[in-house]
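The lines below spell out each chain.
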Amino acid sequence: MTEEHKRTVVIPGETIKEGDAYLPGEGTEKQGNKIVALRYGLAEEHNRLVKVIPLSGVYQPRRGNIVIGKCNLITFNGWVIDIGTAENAFLPIMETPRYVAKDRLDEVMKIGDICVVQIFSVNGRGIDLTMKARGLGRIDEGIVFRINSNKVPRVIGKEGSMIKIIRDYTNCNITVGQNGYIWIKGDKIEDELFAKKAIMFITEKSFMEGLTEKVEEWFKENGGVKKETKKSEEKSGDKKED
Amino acid sequence: MGGEEIDITTKVTAERIKKYLEQGKRFDGRKTDEFRNIIVEPNVSNKAEGSVKVKVGKTEVIVGVKMETATPYPDSPNKGNLMVTAEFLPLSSSRIELGPPKFDSIETGRIIDRIIRESKFIELEKLCIKEGEKVWTVFIDIYTINDDGNILDAAGIGAVAALKLAKVPKYDEEKEKVDYKEYTGKLPLKEMNPFTITVHKIGKHLIVDPTREEEDVSEARISVGSSEGIIHSLQKGNSGCFSAEEIKKCFEIVEKSWKELFKKVNAQLK
Amino acid sequence: MTSNFKRPDGRKFDELREFEAKVGIVPNADGSAMYRSGETIAIAAVYGPKKMHPQHSQNPEKGTLRCTYNMNSFSVSERIRPGPSRRSTEISKITEWALEPVLMLDKFQNMVVDVHINIIQADAGTRCAGINAAAMALAHAGIPMKDMVSSVSVGKLDKTIVVDLSKEEEDYEEGEGPTDIPISMTHSGDITHFQLDGKIDSKQLMEAVELAKKSCEQIYEVQKKALKDSIDLTGGED
Chain A
1 MTEEHKRTVV IPGETIKEGD AYLPGEGTEK QGNKIVALRY GLAEEHNRLV KVIPLSGVYQ
61 PRRGNIVIGK CNLITFNGWV IDIGTAENAF LPIMETPRYV AKDRLDEVMK IGDICVVQIF
121 SVNGRGIDLT MKARGLGRID EGIVFRINSN KVPRVIGKEG SMIKIIRDYT NCNITVGQNG
181 YIWIKGDKIE DELFAKKAIM FITEKSFMEG LTEKVEEWFK ENGGVKKETK KSEEKSGDKK
241 ED
Chain B
243 MGGEEIDITT KVTAERIKKY LEQGKRFDGR KTDEFRNIIV EPNVSNKAEG SVKVKVGKTE
303 VIVGVKMETA TPYPDSPNKG NLMVTAEFLP LSSSRIELGP PKFDSIETGR IIDRIIRESK
363 FIELEKLCIK EGEKVWTVFI DIYTINDDGN ILDAAGIGAV AALKLAKVPK YDEEKEKVDY
423 KEYTGKLPLK EMNPFTITVH KIGKHLIVDP TREEEDVSEA RISVGSSEGI IHSLQKGNSG
483 CFSAEEIKKC FEIVEKSWKE LFKKVNAQLK
Chain C
513 MTSNFKRPDG RKFDELREFE AKVGIVPNAD GSAMYRSGET IAIAAVYGPK KMHPQHSQNP
573 EKGTLRCTYN MNSFSVSERI RPGPSRRSTE ISKITEWALE PVLMLDKFQN MVVDVHINII
633 QADAGTRCAG INAAAMALAH AGIPMKDMVS SVSVGKLDKT IVVDLSKEEE DYEEGEGPTD
693 IPISMTHSGD ITHFQLDGKI DSKQLMEAVE LAKKSCEQIY EVQKKALKDS IDLTGGED
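Protein chains in written order, with the working numbering: chain A, 1 to 242; chain B, 243 to 512; chain C, 513 to 750.
To be clear, the hints were calculated from the coordinates, so they are not data collected in a lab. Just so you know, these numbers come straight off a predicted model, no measurement behind them. There's no promise every hint is true.
In silico lysine-lysine, DSSO-like type, Cα no more than 30 Å apart, as pairs [stated by the list, open to error]:
no.	chain 1	residue 1	chain 2	residue 2
1	B	K412	A	K164
2	B	K300	B	K372
3	A	K102	B	K253
4	B	K428	B	K446
5	B	K412	B	K372
6	B	K498	A	K226
7	B	K267	A	K214
Each pair of labels, with its calculated beta carbon distance range [as the list claims (entries may be wrong)]:
no.	chain 1	residue 1	chain 2	residue 2	range
8	C	E590	B	N508	47 to 53 Å
9	B	K376	C	D683	40 to 46 Å
10	C	E602	B	K501	47 to 53 Å
11	B	N508	C	P520	52 to 58 Å
12	C	K711	B	Y315	53 to 59 Å
13	A	K197	B	C483	31 to 37 Å
14	B	M325	C	K574	42 to 48 Å
15	B	M325	A	K197	40 to 46 Å
16	A	G126	B	C483	38 to 44 Å
17	C	K711	A	A21	37 to 43 Å
Every residue, glycine too, gets a C-beta built ideally from N, C-alpha and C.
Could you build the full structure based on these sequences and the hints that come with them?
The structure is reproduced here in structure tokens:
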């Protein structure tokens, strides 16, 4: 059963659909009886709702998103984390899993350290973060790199199907931040680089149909061998495994 | 997009780069003394006396040669002048701010100037129009288009290639003007290939042609301008140190890389 | 409005020079594009939306568009000293004004969208090529935009209105001399940029505007194709 309705590439100002029946979804606007694109991307129509799936553009922080960021500053009651947005994101002392003394903040995280955190709220003052849930914390080892945040859903796949394939073939722990930063940790550096290569392949072909099969093919062609599948918990925004 | 600071290679990735180097390996599969794929495309601007686009991996620079007449320097009344400038364009990287040239671009210009000048690649004595009064000035202008590390060596390749492609415009003695629509011949050059090759030190390892990720964790570097085994210029940069033994290794790496560049670059200039 | 005027390169009065457009030419940028018109080549790269520095320039109500236009020293016969000039500063501002009307920056308070235009090779019409490249690069970067912007230089050579002047035509000295009219407009026909140098009466000027409209239609198709071609739904992105 496929959900892929016919997709076309559209540019800003282009009329996607004409007719009163259609409704303007994300990335579009109704002008008279036309649905016009307000972004460069893939236009998709489903149940008369027309929207544009962006292929590029800045990350929009949302409550609940798991993100990866870098500590830029330590204040008296928390850490300022750069997650690639214009507003600063802040992790308060109260939102760490264990008690931290006020003079020991840099034991949890120093300036320059990378961490996996979750967005608690997005409000006028900025972005509030938490480190309390399972799978969050400072990153000590592995490789961290960046892709366009719009490609994250493809890297994760429907219900985590894509990320599972990468894990199976590379035996790596992979955490995908909704802000486009990805953390890979494996037993061997070769495995980590292999996983990174796979992810770059996915971002290049991100709008293709049947991508999941193509990625399995890619792995087989590039010498990948399916390892024992690990028991994993998949949630949206994806968390690292134990 | 948002975090320029977070783009700088993270500590964790830096650790991995160093760990992998311990096995003599690099992220993109290259050996420590191997250059990325080099592409040299001539004639990026038909208004230049000579111009070239150089890609080293994803790093891209364009270099152009322009010639103008000028009065010679008092201590060299019968020699042409040379001026090398590098512009790190903000379009080539999110890390570049608007404003006057920063140290990076100034250093690049000066390092490339040094090798071209000291190697006497350009026969400046043949660029005299009227002794003591009028000579040619050769301008080499370097522009960055995409920075993925090792702009310096890419710029050096571009300078050599652009000079090799350069022609001298006609100087109209009567009108005392340069006629850019007519050329009198190729720029007088010695038969040589003065490339600049920079060796970087990461931990205890020496590598050549770093990507942006690798260059971010480079602790010390040494740029050697040489041609056919003769060294004409040298500059050590960054705050780390080299032992004498390491410097010797650097020279060996430079010699090997020079041969690689010689082949790859000249093949594409035909 | 046909004329027997012979253009140096044999083009008809309403014929554009050979064009070429491509997106994605600067891997580091959030969006980038190249636009060529005849011998004029412009590239543009977009970075943003991102935090705006210096802080005092931030606009708390919406995002800011910041354009820079720069000609390479060797893009012209007589070398241009590297660095900004009064001309490049003016053209940078005009480019901002040409593009801003279509950008939707309300959601990007205190942020900036940087557009950097670089002229690689110049043969007249550089600001227009720059605007064409910049519009593509902005779309490519995923900036929310109401419409595309296309730009062309219309001219009057002696008494004849022509489109897309070459340098040779810009230097035309006979009769009434050349008049150079760079115009930019959205695809729906709103003029966002309009300049003039020369000598022309208002009736002919309106003819020039009409001609520009037709030419911008063609240019729009070139820009659209470049953006669409960069994505191959069956094979992947370029």
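So, going through the hints one by one against the coordinates:
no.	hint	verdict
1	B:K412 to A:K164	violated (67 Å)
2	B:K300 to B:K372	violated (44 Å)
3	A:K102 to B:K253	holds (25 Å)
4	B:K428 to B:K446	violated (45 Å)
5	B:K412 to B:K372	holds (14 Å)
6	B:K498 to A:K226	violated (40 Å)
7	B:K267 to A:K214	holds (29 Å)
8	C:E590 to B:N508: 47 to 53 Å	violated (31 Å)
9	B:K376 to C:D683: 40 to 46 Å	violated (27 Å)
10	C:E602 to B:K501: 47 to 53 Å	holds (49 Å)
11	B:N508 to C:P520: 52 to 58 Å	violated (38 Å)
12	C:K711 to B:Y315: 53 to 59 Å	violated (47 Å)
13	A:K197 to B:C483: 31 to 37 Å	holds (35 Å)
14	B:M325 to C:K574: 42 to 48 Å	holds (44 Å)
15	B:M325 to A:K197: 40 to 46 Å	holds (44 Å)
16	A:G126 to B:C483: 38 to 44 Å	holds (43 Å)
17	C:K711 to A:A21: 37 to 43 Å	violated (54 Å)
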